[in-house]
Amino acid sequence: MDSLLVLTLLIVIFALAFDFINGFHDTANTIATSVSTRALRPRVAILLAASMNFLGALTFTGVAETIGKGIVNPFTLNDGAVGSVIVLAALISAIVWNLLTWLLGIPSSSSHAIVGSLAGAGIAALGFNALNYAGFIGIIEALIISPITALAIGFCIMKLFMVIFKNSGLSKTNRGFRIFQIFTAALQSFTHGTNDAQKAMGIITLALVAAHYHASMEIPIWVRFASAVAMATGTSIGGWKIVKTVGTKIMKIKPINGAAADLASSGIIFGFTFLHLPVSSTHVISSSIMGVGSAERVKNVNWGMAINIVITWIITLPITALLAAIIYKILAIFI
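Residues in the sequence shown are numbered from 1 upward in steps of one, following UniProt numbering.
Hints listed in this document are in silico derivations from the structure and should not be mistaken for laboratory results.
Please read these numbers as outputs of a predicted model, since none were measured by experiment.
For glycine and all other residues, C-beta sits at the position ideal for the given N, C-alpha and C.
A portion of the hints provided could be inaccurate.
Straight-line C-alpha distance at most 30 Å; calculated BS3-like pairs for lysine-lysine [stated by the list, open to error]:
#  : residue 1 : residue 2
1  : Lys299    : Lys69
2  : Lys299    : Lys166
3  : Lys172    : Lys69
4  : Lys254    : Lys159
5  : Lys252    : Lys329
6  : Lys159    : Lys69
7  : Lys166    : Lys69
8  : Lys254    : Lys299
9  : Lys172    : Lys252
10 : Lys172    : Lys159
11 : Lys166    : Lys252
12 : Lys329    : Lys159
13 : Lys172    : Lys299
Restraint-style ranges between C-beta atoms, simulated for each label pair [what the hints assert, rightly or not]:
#  : residue 1 : residue 2 : range
14 : Leu160    : Leu47     : 17 to 23 Å
15 : Pro42     : Ala81     : 19 to 25 Å
16 : Arg43     : Val96     : 43 to 49 Å
17 : Leu322    : Val44     : 37 to 43 Å
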């Protein structure tokens, strides 16, 4: 069998594995608030998230195209084998980092992992000229701006809720918002699918273009469907270590807090999806929770845990870039 075809098949398998891991790693964030407030039972929350992720993944492709050509331009990869090894090294690096942080229960960013990995593998193979700087900088800006915006919007929504429901009884408010959280959990899972599942689609299409099996960055329908299935299947497995961190260790979440955080984060994720920009659902959801907690009382937020999460966000890009560069050099010896 042609070695380039074997490489491409390996990339498809690893990309779907990345999407699967993303499902139980990141999607835990989307149901963390509804599970922690007991608005939804864990099994029901997982099934809801898996279904909505699947629908979201099939709905949009703009983010996939940005990932596919915004970091390393596939049309500059004249040697199909080199381009394929770059993508394979990036996927292995991102998967290793996602599994490591999942085992430690740290809600790190799959988006940062794949962006850093692609950049690192591309630089290791072709030097700094391999990067599409305009696209790369735009992606980094979106990854930085989105959590800051989510924190601010979470703060504003919670303040608004506090004004609107200040005269409502606690039990009545909790009961109403628990019901409302079913809707917000579904919305958050849908928006997660519109953005996070796109990353695997972009990676697979990048590999197809680099290997000259596909002529454009338009996402093939089979790639969209396979990525949606992988994401939904991963979601159905669950990620309870991450649920525990996001749902309980940042702050004590009440139904009104959970609904406010869900609305803020789903709005941010969908907004950036509309702009064809990838964001980290982990960043956005965690920041929304911090904003919501700060609106009630700054001391409500466990800032020690928040700082640990932020440190993980910061170190993900350079660590995955270095790891991908090392993996590329190793693969290049044997392929």
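- Quick check: which numbered hints come out false for this structure? 1, 3, 5, 6, 7, 12, 14, 15, 16
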